[in-house]
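Based on these hints, arrange chain B on the given structure of chain A.
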Amino acid sequence: MSDVLLSVRDMVVDFPTRHGLLRAVDHVSFDLSRGEVLGLVGESGAGKSITGAAIIGLIEPPGHISGGTVHLDGSRIDNLGMEEMRRIRGKRVGMVFQDPLTSLNPLYTIAKQLIQTIRTHLDLTEKQARARAIGLLEEVGIPAADKRIDDYPHQFSGGMRQRVVIALALCAGPELIIADEPTTALDVSVQSQIIDVLKRMCAEHGTAVILITHDMGVIAEAADRVAVLYSGRIAEIGPVREVIKQAKHPYTKGLMRSIPTLTQTNDRLTQIPGTMPRITDRPEGCAFAPRCGHVMDICRSQQPATRSVGNCEVACHLETEGGAS
Amino acid sequence: MSDNLLEIKDLSRIFDISKPWLNRLIEREDRRLLRAVNDVSLNIKRGETFALVGESGSGKSTIAKMIVGLLAASSGEIRFDGVNLAEQSPTAMRNIRRRYQMIFQDPFASLNPRWRVRDIIAEPLRKFGMGDMEGNSQKRVDELLELVGLSAKDGSKFPHEFSGGQRQRIAIARVLSSKPEFIVCDEPTSALDVSVQAQILNLMRDLQDDFGLTYLFISHDLSVVRHMANRIGVLYLGRLVEVSDSKEMFRNPRHPYTQMLLEAVPDLHMTGRTRVKAAGEIPNPITPPSGCTFHPRCPLADAHCKANIPPVVESNLGAVACFKAT
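Top to bottom, those sequences are chains A and B.
Everything in the first sequence is counted per our numbering, starting at 7 for the first residue and increasing by one.
Everything in the second sequence is counted per our numbering, starting at 80 for the first residue and increasing by one.
So here's chain A without its partners, still in its complex pose (with noise of 0.2 Å):
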């Protein structure tokens, strides 16, 4: 058995439109090891939802997944059918969605969904399962479990629910867990606390996280390495603290220097200027190239190339040209 979780080799997701073919994810790959937590991080429209979405086959049609291939343990999962692929759903990939209140049913209270969950993929009987449901609520840090899990979700609060919301995704012990911005909902005080039970439970349990976010302080706080998606691609994948202090593609640095934080006192912002291309009008080449400030005449005909650079992989020309600026 090796040690690779999931593989992810040069997915495509197009979306057919009147205007033509959209491609949200252009060729994507990744390796994920088991209990490990890859971040993938990027603005709004850079395709990092659709990538934790496509993984798991969850694409609304008419978009799909036009190339390249998926392994979940070894065996390929992109090109199965409806019925096998929701088997796979909540078995052996467990979800976690930005908001607790949308993913949970408000008219069951809390004990019939992870009963019904836990019973649709383990061989248990409602009182084994019930019991297996306070367990996993105990857990994940829910006082006096036994009592709310007769509790309806509005009786919830919004960090609670978000920690109901990992005990289902547990439920029957899943290998890997896709959180979609779990925390973008809640407030930072709470933020903390979901991520810190979202970091014990898959120690405990060796499960592997992709943790989508928009907030680099989350993926410092929570992840083994990240990926970082613009415009679709990724630019850069590696250990989060060498992407985070050693950034080597012009977008990470910028991006880190945009963001204000607690111990630096410089007056002004380091800005990145302009703003992602939308997705209808990419630029030919490299999709940073109209903001880069190290840009190229090869970086507006050509799409760099990913390259190994230390721990790192990383999508850019500066980088092939070995350094030549």
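In case anyone wonders, no lab produced these hints; they're calculated from the structure.
Only a predicted model underlies this, so the values are computations on that prediction, with no experimental measurement involved.
Where is the CB? At the ideal position from N, CA and C, for every residue including glycine.
Be aware that a few hints might be false.
What the hints assert, rightly or not - One side only, chain B facing chain A, incomplete, derived with CB under 10 Å: (1) A277; (2) L280; (3) D300; (4) H306; (5) M307; (6) F329; (7) L340; (8) A343; (9) V344; (10) P345; (11) E360; (12) P362.
To be verified - Computed footprint of chain B on chain A; a stretch qualifies when at least three of its residues, placed anywhere within it, have a C-beta under 8 Å from a C-beta of chain B: (13) 153-162; (14) 215-228.
What the hints assert, rightly or not - When the alpha-carbon atoms are kept at most 27 Å apart in a straight line, the in silico DSS-like pairs for lysine-lysine are as follows: (15) A:K205 to B:K356; (16) B:K385 to B:K356; (17) A:K251 to B:K356; (18) A:K133 to A:K118; (19) B:K326 to A:K251; (20) B:K88 to B:K326.
Frame of chain A; chain B shown alone:
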């Protein structure tokens, strides 16, 4: 002329969230009141950026809306440039209202989608009778567009043709068109991506330097607040728990809640600083805890805190409402 541009004294806002009269009668229920803002007093000096921070439900936006007159205060007074806003005649209010403006959080909701950008920006000019001649206001709109980093020819476009950051620039241009002195900014960058956020924050600081603006800056993001503000007020469940100089607050937070908020900010540069983890969540404001409303989450709380509401104590370090603060 006083040093303070805006003075708020004992401001409160109570929302009545009771059931209808008949239901109350049948179900024998009392009225239910939500105290969104509770006896808040603060002063904002000319030319400074005063930030209000707090979690959702702490009353930040309610205060902003009361200041600009979108919500009436339940009690307390708001003085702008020494004038009590509640006592002004409608005509006098018109003149005063020109001098303060507001930037909203969501640039997708705050611009009329059916209006051209030019008309959006010129609306305050028309309202306050500042652009009497057509050509005159046209020139001013063009100037404003260039000022916020757009081009004059963008004036004939519609809001949907712009990205989030550009729309926020349009909102800023609209605010500036009536030449205000004071701008209330309610989470102006929360809906924007980080790389765009930096552009807008820089623009706001440049405009402040150029026009001597005073900002009330509302945000939940402490890193942004630290970057923008001279002074900071921390709100918790509708009460001001600490006010102090920005630098001082980040160096030496005095209220346990402020300390908790600072601890919760992610360690972006992975300095490995040791952190005490935040506990609990903001309670339901309909049934707030007794005494100091922070006591269920506070590591220092004792019986005294549970029974008594701590008064705001002013000192040369700032103001803090905590029995345990030193």
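### Query
Hints broken by the structure, by number, lowest first?
13
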